[in-house]
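Residue numbers (this note's numbering), protein chains in the order written: chain A, -7 to 416; chain B, -7 to 416.
Quick caveat, the hints were computed from the structure, so don't treat them as lab data.
Everything numeric in this text was worked out from a predicted model, so none of it was measured.
Be careful, since some hints might not be right.
Unchecked claim - Incomplete in silico selection of chain B near chain A, CB under 8 Å:
hint	residue
1	Asn35
2	Ile272
3	Leu407
Claimed, not checked - Covered, in the sense of this in silico footprint (three residues per stretch, anywhere, with C-beta under 8 Å from a C-beta of chain B), are these stretches of chain A:
hint	segment
4	121 to 131
5	143 to 150
6	181 to 187
To be verified - With a straight-line cut-off of 30 Å between C-alpha atoms, the simulated BS3-like cross-links for lysine-lysine are:
hint	chain 1	residue 1	chain 2	residue 2
7	B	Lys62	A	Lys123
8	B	Lys234	B	Lys117
9	B	Lys412	A	Lys123
10	A	Lys414	B	Lys177
11	B	Lys123	A	Lys412
12	B	Lys412	A	Lys264
13	B	Lys62	A	Lys412
14	B	Lys3	A	Lys414
15	A	Lys183	B	Lys412
16	B	Lys33	B	Lys412
Idealized CB from N, CA, C, for every residue including glycine.
Protein chains: 2
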Amino acid sequence: MAANIPHTGQKRVVIIGAGFGGLKLARKLANSPYQVVLIDKNNYHQFQPLFYQVATAGLEPSSISFPLRKVFQGVKNIHIRVAEVLKIDAESNQIITSLGEISYDHLVLGIGCDTNYFGMDNIKKYAIPMKSVSEALALRNRLLQNFEDALVDENPDDIEGLLNIVVVGGGPTGVEVSGTLAEMKNQILPKDYPELDFSKMNIYLLEASPRTLNVMSDASANKSKQYLEKLGVIVKTATQVKDFDGKHVYLGDGSTIRTNNLIWAAGVIGNKIEGLSADIYIRGNRIKVDRYNKVEGYDNVFAIGDIAFMTEEKYPNGHPQVAQPAMQQADNLAYNLKAHIKNKKLKPFSYTNLGSMATVGRNLAVVEFPFYKFQGFIAWLVWMFVHLMSIVGVKNRLLIFINWCWNYFTYDQSLRLILKAKEK
Amino acid sequence: MAANIPHTGQKRVVIIGAGFGGLKLARKLANSPYQVVLIDKNNYHQFQPLFYQVATAGLEPSSISFPLRKVFQGVKNIHIRVAEVLKIDAESNQIITSLGEISYDHLVLGIGCDTNYFGMDNIKKYAIPMKSVSEALALRNRLLQNFEDALVDENPDDIEGLLNIVVVGGGPTGVEVSGTLAEMKNQILPKDYPELDFSKMNIYLLEASPRTLNVMSDASANKSKQYLEKLGVIVKTATQVKDFDGKHVYLGDGSTIRTNNLIWAAGVIGNKIEGLSADIYIRGNRIKVDRYNKVEGYDNVFAIGDIAFMTEEKYPNGHPQVAQPAMQQADNLAYNLKAHIKNKKLKPFSYTNLGSMATVGRNLAVVEFPFYKFQGFIAWLVWMFVHLMSIVGVKNRLLIFINWCWNYFTYDQSLRLILKAKEK
C-alpha cells in the first residue's frame, strides 16, 4: 500500500481532517502554488450543527454530508485521501497513514474532537454519542426500533425504559436534540404509533452547571429553557450524572431515572495522534498554538479549529469550539501560507465573534449577535438562513430548504426508516 | 414477547410482506370491516424498480423507501408489526413471528422473492445482490470504496479487479444498472478521480440466454443492447457464468474475466416460510394459487405477487414477476375479501398487461405498451413519468422529480458517500 501522491515539485501542505477548518483551508489553497493533500477518515465533510436533525429523522444524512471529491472537482492541486492517520513523524516531516507514508512541507491538524465521557467507562459503554453522521444515523435507527419494541412489550418498566430519553449536556446540541425530540413526541409519534401511550414518554435535559447554553447570555438561556419546558422537556440544571448501567441513570443527588437511552452531549475531548511532544497538550487534549496557529515547539506543524488552543486577550481560555473560529483560523492560515511562499509578512489571528445561536424545535430560537440579541420566530428564521447559507453547494441548499419548508407546513417527514447497509 | 394486536371482534386479515402486493392490499382494506395486520421485516415499503439508482448514487435510499406507519397514519383498522415470520400454523389459524403468535381469519402471503444463485455456493458467497435498499446501499459503499482503493494501489492486476464490474442477468435490472454504471464511468468518475485511468475500467453485462430483455420484443432488446454498447457496456449474450472466486468470473466457454465485483441480477427464487404443505410449491419456490389467489389446498390462505403462481389461458407459465400483477392481484383480492364478508359473488383474477419498459442511462429507454412500442428520449420521459406516478406520497415524488431534473441538467449528484450507521 502506498498513498500514491504524485510528486509535482510544489511545496506540499498536508491537511488532516476535513471539518470546518480543514475544508475551508483546502478551499482557500485551491489553485494556489502549493500541492495540498486533504486526508479524512470519511469521503465526505460532515455539517455538524445539524447532526441532531439526522438523529431525529428531520434530514437525510446526505443533506448534511458533502462528498469531498465533488467539492474539489476540477481542482488540480488538491489530492484527497480517505485514510486513518496513525502517527506523525515530525523529525522526518512525514505522517504514517493506513495508506502508507505521506511527506509534508507543512502539516495542518484539523482533527477536531470526539465525545468526552470524562473517564466514566459505563457511560462510554452504554450512552449514545452524536459526534458524526454515522452516529446520528445509528441513533435514529435505535429510537425508531425502541417504539417498535415498546409496542409489543407488556412490562410497564420495560416500556418506560424504551420510551424515556435522557439528554445530557445543556449546550446547543443538547437543547436542540431534546427540543426536537419533544416535538416528535407531541406531533408525530402519536400519529405513527396510535397504539402507544406517549404520556408515558419523558424527555429529560440534564446539565451539570447551573444553567443551559453557557456560551450565551442569561436571557437567551432562560428563554430557551422556557421554550423547552413549553414543549414538555424536563430540564434539570445543576444536575450531575454519576453513572448509567444501560437501564438507569444515577444522578448526583442519589435519585435515578429509568431509561435505556442516554444521549451524551456533555463535552468533547480532542482527538489524539501519536508522535507529537506531550508538552503541546492542555486539558481536553487541545493543542497549544501561537497566534499563527503554529503548534508550540514546531516550525511547520499547525493546528486549527476545535483541537487548537490559542489565547487572545479577549479569549484567555481559548476560542469556543464551534465552526466560526475554525473557519476564521483556516482563512488566516491560508493567507499566511500564501504569504510565506512569497516571503511576505504573516498576519496574527484575531477572532471576530459573529454571534451564537441555538434553535428549540420548530419555530423558536435564540440568537445573539454581538450588537443585538433576540428570540422567537424571527430568531428561528435567522437561524435557518445562517445555517442554509453555510451549507456547501447550491443543490443541497435548495433541497434542504424545500425539506424544511415542507416540514414546517406539514409537520411531518418521510425519513423514519430503520435502515442499515447490508454488508456481505 | 407478544405481538399485542388488540382484539376488536372484527375478522382479521394478516398480510405478510409490504411489497407492491401487500401494501396495495392493506391500502384497499383501510377502513374496511376487517382488522388488518401488516407484517414486514422492515418498517418501510421498498420501491424495487429504483434500487439500481440507490446503488449508483443517483437517489437517496429514503427517496424510494416509504415508512409504513406514515403511509397508514390515521387508519384505525391497520396494525403494523415489524417482525420476521418464523412459521405458519394453518391448523390453528395462526402464524409464529419473532414477536410471538398472531392468529388470523384470512392469511395473505406477499412474501416475494430473493436472489437466486441457482445452487452455486461460490457465487452466493462472493457476488453482490441487489434485492433490497440495504443491499443497494452496501453496493454503493463498496463501489465507491473500490475507487478509493484503486487510487492507492500500484499493482495493475489489483486495479483491474477493483475497477471492472460484471453484471449478470440481462433483464431490466441488469440493463439499467450496467447502463447507469457506464454513464458514471463516462461522465462523473473521471471528475471525482482525475488520478485514475478509467479507460482501464470495463463494465460487462452477461446473459445466459441468446438475448437481453427477454420479457420484451426483439426490437426493444436490440435497441437497448445498441444503447448499452454506445455507452461502452460490453454485452455478452448466450454467455454462462460457471463460477466466481471473488477475483475471476469463469465463463461457460472457458474464458475468465478479472473482477472483484460481480453484481448478480440473474434470477429470483421465492422466499419460503415453514409450515405449509410441500405440495403447493412449484419451481422457483412459487406457490400455486387458483384464480382467486387462494393457495392450493387451503381455505383461508392466499398468495399474491411474485410468490404466487397462477395460470391463465394467456399465461400458462404464470404472470411476470413484476409490480403490475402483484398490484392487480391485491386489488382483486381486496374486492373478494370485501365481497366475502357481504356474501357477494367473488371475482376471478385476470391480468391486464399494461406494458413493460426499461431505461438505459440518462435519456434512453425502451417502452412497450400493448398497443404501441417505442424507444429513445420520449420513451425515457414516459418511463420517468410512470415511475414517478407509482411512487407513494406527494413530497417524495416532488423531491425525486427535482433530483432527477437536477441530475439530468447537471449530470451530477452529491450522494457519493461511503456511509454506514455506526452501531455501538
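Hint check:
no., hint, verdict
1, Asn35, "5 Å, holds"
2, Ile272, "29 Å, violated"
3, Leu407, "5 Å, holds"
4, 121 to 131, "holds (count 6)"
5, 143 to 150, "holds (count 4)"
6, 181 to 187, "holds (count 5)"
7, B:Lys62 / A:Lys123, "28 Å, holds"
8, B:Lys234 / B:Lys117, "14 Å, holds"
9, B:Lys412 / A:Lys123, "14 Å, holds"
10, A:Lys414 / B:Lys177, "24 Å, holds"
11, B:Lys123 / A:Lys412, "14 Å, holds"
12, B:Lys412 / A:Lys264, "23 Å, holds"
13, B:Lys62 / A:Lys412, "19 Å, holds"
14, B:Lys3 / A:Lys414, "37 Å, violated"
15, A:Lys183 / B:Lys412, "29 Å, holds"
16, B:Lys33 / B:Lys412, "20 Å, holds"
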